[in-house]
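K.L.:
Letter by letter, the chains look like this.
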Amino acid sequence: MNITDLSKLEHGTILRFEHIDKEFTKRLMDLGIYEGAHVILLNKLSFNRLFLIEVDDIEICLRKEDAKKIEVKR
Amino acid sequence: MIFLLAGNPNVGKSTFFNFMTQSHVHVGNYSGVTVEKRVHHVKNYEGANLVDLPGTYNVSPNSEDEGVVTYSLLNESYKGIVNIIDSTHIKRNLHLTIQLLELGIPTLLVFNLKDALQNNGYVVDTEKISTLLKANAISISAKERKPEDQKMIAEELKNIRAFKGIELNYHPIIKWGLQRIHDLLRYDTFQVKKKWIALQLLEGNEGIYQYLDLVKEERIRQVIVEVEERIISENVALSLKGAIFNTRREFIKTIFEECMIKVEEKEHSKYFNQKIDRFITHPAYGIPIFFVIMMTIYQISFGNVLGLGNLLTGYFEWFWQNIVIVYTGAFLDIIGISGFMYGLVVDGILAGVGGILVFLPQIIILFFLLAVMEGTGYMARVAIVMDRFLSRFGFNGKSIVPMITGFGCTVPAIMATRTIADKKERLLTILTLPFISCSARLPIYVIFVSLFFDQYRALVMFGIYFLGVFVTLLSAKLLNLSFFKGEGSKFLLELPPYRMPQLRTVLYQSLEKAKRFVKKAGTFILVGSIILWLLSNNGFGGIGVDPEDSFLSVFAGFIAPLFSPLGFGSWQATSSLISGFLAKEVVVSSLNILYSGNIAAGFTTVSALAYVVFASLYIPCISTVATIKAETRSVKWTLFSIGYPFVVAYMVALTISLIARIFI
Numbered sequence: 001m002n003i004t005d006l007s008k009l010e011h012g013t014i015l016r017f018e019h020i021d022k023e024f025t026k027r028l029m030d031l032g033i034y035e036g037a038h039v040i041l042l043n044k045l046s047f048n049r050l051f052l053i054e055v056d057d058i059e060i061c062l063r064k065e066d067a068k069k070i071e072v073k074r
Numbered sequence: 001m002i003f004l005l006a007g008n009p010n011v012g013k014s015t016f017f018n019f020m021t022q023s024h025v026h027v028g029n030y031s032g033v034t035v036e037k038r039v040h041h042v043k044n045y046e047g048a049n050l051v052d053l054p055g056t057y058n059v060s061p062n063s064e065d066e067g068v069v070t071y072s073l074l075n076e077s078y079k080g081i082v083n084i085i086d087s088t089h090i091k092r093n094l095h096l097t098i099q100l101l102e103l104g105i106p107t108l109l110v111f112n113l114k115d116a117l118q119n120n121g122y123v124v125d126t127e128k129i130s131t132l133l134k135a136n137a138i139s140i141s142a143k144e145r146k147p148e149d150q151k152m153i154a155e156e157l158k159n160i161r162a163f164k165g166i167e168l169n170y171h172p173i174i175k176w177g178l179q180r181i182h183d184l185l186r187y188d189t190f191q192v193k194k195k196w197i198a199l200q201l202l203e204g205n206e207g208i209y210q211y212l213d214l215v216k217e218e219r220i221r222q223v224i225v226e227v228e229e230r231i232i233s234e235n236v237a238l239s240l241k242g243a244i245f246n247t248r249r250e251f252i253k254t255i256f257e258e259c260m261i262k263v264e265e266k267e268h269s270k271y272f273n274q275k276i277d278r279f280i281t282h283p284a285y286g287i288p289i290f291f292v293i294m295m296t297i298y299q300i301s302f303g304n305v306l307g308l309g310n311l312l313t314g315y316f317e318w319f320w321q322n323i324v325i326v327y328t329g330a331f332l333d334i335i336g337i338s339g340f341m342y343g344l345v346v347d348g349i350l351a352g353v354g355g356i357l358v359f360l361p362q363i364i365i366l367f368f369l370l371a372v373m374e375g376t377g378y379m380a381r382v383a384i385v386m387d388r389f390l391s392r393f394g395f396n397g398k399s400i401v402p403m404i405t406g407f408g409c410t411v412p413a414i415m416a417t418r419t420i421a422d423k424k425e426r427l428l429t430i431l432t433l434p435f436i437s438c439s440a441r442l443p444i445y446v447i448f449v450s451l452f453f454d455q456y457r458a459l460v461m462f463g464i465y466f467l468g469v470f471v472t473l474l475s476a477k478l479l480n481l482s483f484f485k486g487e488g489s490k491f492l493l494e495l496p497p498y499r500m501p502q503l504r505t506v507l508y509q510s511l512e513k514a515k516r517f518v519k520k521a522g523t524f525i526l527v528g529s530i531i532l533w534l535l536s537n538n539g540f541g542g543i544g545v546d547p548e549d550s551f552l553s554v555f556a557g558f559i560a561p562l563f564s565p566l567g568f569g570s571w572q573a574t575s576s577l578i579s580g581f582l583a584k585e586v587v588v589s590s591l592n593i594l595y596s597g598n599i600a601a602g603f604t605t606v607s608a609l610a611y612v613v614f615a616s617l618y619i620p621c622i623s624t625v626a627t628i629k630a631e632t633r634s635v636k637w638t639l640f641s642i643g644y645p646f647v648v649a650y651m652v653a654l655t656i657s658l659i660a661r662i663f664i
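Keeping their order, the protein sequence lines are chains F and B.
Residue numbering for the first sequence follows the numbering used here, beginning at 1 and increasing consecutively.
Residue numbering for the second sequence follows the numbering used here, beginning at 1 and increasing consecutively.
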């Protein structure tokens, strides 16, 4: 399952990034999204096109197609 | 003596810089507002300067903006580093801190936002952190501007010491790679430790290759590939970067656990943020809310209903006409100046410069309100709300910040695109931004609207602005379908917490922009007015000829027929557009001079409309073109940015005048 499968306010742990290119992985890490991080899906925005997640007290917004590439477990 | 100021985006770095130094810089609650490097004197420390580096999460560059940090560390001569850290997000901030401390250069750690952390119920144990990280550490709240903090920081900087630099226990494969790269660097000399360079190279810092000419670059790249392969095949991590990151994260975790002290149980302020966000980023209400806010801002600045700006401009105009011009005229009479010189000063300079300065109140108010929006953190929400819409045209939600800045001035707007990581989206934003009406074009609209469309003031004004945005979007779509075909895009945005904007920063920001505006009026427009008046009052027939026989009339007369289909093929209208290339404000001052203050006589309602439309879209001013050249580093795109708007402006103005002729 990935981030888009979480329901609102559900917690999860990031397992791995699937098919994300190097540069984007780097940007995710810079913002504090990493494998093993504890993640909360705060909200789905713009008609479920954007996903607002929280990792270590930081709120980050990403597009659905990118959120799908982040594998999580409940 | 120089100190570099480094830190993540949006941690109060600019606030700290303003607090610690003699003058101010632009401050905003949005990642990467600081787009230029600034150097100012440190207060209470004679001879020390602070360099404000752009906010970055990492030493290795993601965007042009962040490349500045690597470049400065490698090439600047500095005594030490001041690393500013957001106390409420220590875990993420320390990644940059570790990279800086690995340099082994004297570093002062400033834990900012002490008050916000206390509101969450925590304090930082700076003494312990200082021991663990082997660097001086203090905790402050920069926005409170306490003089004792200022003195303490100056003292800390005076006594800053060099430590050996921290060394993390990286995985053996990485250590093996470090040693091999270190050996390959033996032919090169740097001002920083080779070990640090080696680690940065392993991390994938492309800036190093860019700024240093490494003798063994090929071999080094091979080693990095080899190390990465081993990291993955031996299941250490999913990538080399990941392996380094994980070691740092573990280290940071222990520091976090040991140095954050809980003092009381508090409800987190983020729940308050989320409550507001539910409305502001709502799928249905988000965009209308944004438009209502923007409309209100424009009403207050330029409209009749809440027209504070309009009111002030009225007073200012009265003052200029009845005091400045009258008394200057009287003064010139007394000292016996008349004729040619009198005309130059009163009809040339005062009319030209005054025609622009009267818009100053409206522009200050617009800048002030935009700065407030930026300071609260609302702009990041707008990026979210607008992403869905903007991505259809090939933009990124983040393009909204340059776009809104573009309503003020295109030059800083183009510089603000540096935060867009994707090269294609950045170029697209740069090339289409000039269509957004900057404040310099505003005087043109105001004059024509008050002369020809007074009863529909706000509507016509909004229409012109809307047209600018519309052409921007349409051009982006066209460029996307032609030059930039088939390239995907990414959107990744951090939501900063809402913050109360500080009056002093917001005021300062708007006055700074107003100052730039006045400066332009004092230089470009002054010179433009003088040249224009001279050209329009002298001709082949001698000095003080009839304007119809002037040099200007003859020159502009050649080009003018080109604009006849649009309805304004007169030499006055044409030469005003030509001089508008200096700065768009000059269009109005030129019209004022050339029509001797009676612009209404030169246009019909339809041609006035076509003229306004053309003037709002045609070739960007010379400063914008220079900025585009500097930012794109491409002659091709710079030429494009001149030619394309001319064609578009002509076509749109023609279409509109054809349609208007049916109705009017």
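Hints may contain errors.
[Said to hold, decoys possible] Taking lysine to any residue pairs in the SDA-like style, the calculated list, with each CA pair at most 20 Å apart, reads: (1) Lys68/F to Leu238/B; (2) Lys44/F to Ala284/B; (3) Lys91/B to Val55/F; (4) Lys22/F to Gln222/B; (5) Lys146/B to Glu156/B; (6) Lys22/F to Ile224/B; (7) Lys69/F to Ile224/B; (8) Lys253/B to His38/F.
In case anyone wonders, no lab produced these hints; they're calculated from the structure.
Given the structure is predicted, the values throughout are model-derived calculations rather than measurements.
K.L.:
Given the hinted pair Lys22/F and Ile224/B, is their Cα-Cα distance within 20 Å?
P.N.:
holds, 14 Å
K.L.:
Please work out if Lys44/F and Ala284/B have their alpha carbons no farther apart than 20 Å.
P.N.:
holds, 13 Å
K.L.:
Quickly compare the C-alpha distance for Lys253/B and His38/F to 20 Å and report which way the hint goes.
P.N.:
holds, 13 Å
K.L.:
For the pair supplied as a hint, Lys91/B and Val55/F, is the alpha-carbon distance within the 20 Å limit?
P.N.:
At roughly 10 Å apart (the allowed maximum being 20 Å), Val55/F and Lys91/B satisfy the hint.
K.L.:
Taking 20 Å as the top limit, are the C-alpha atoms of Lys22/F and Gln222/B close enough?
P.N.:
holds, 17 Å
K.L.:
With the threshold set at 20 Å, check whether the alpha-carbon distance from Lys68/F to Leu238/B stays at or below it.
P.N.:
Holds, at about 18 Å.
K.L.:
Going straight from one Cα to the other, do Lys146/B and Glu156/B come out at no more than 20 Å?
P.N.:
Distance of about 16 Å is within 20 Å: holds.
K.L.:
Do the alpha carbons of Lys69/F and Ile224/B lie within 20 Å of each other, as the hint requires?
P.N.:
violated, 26 Å
Figure legend: structure checked against the earlier numbered hints; the only hint not met is number 7.
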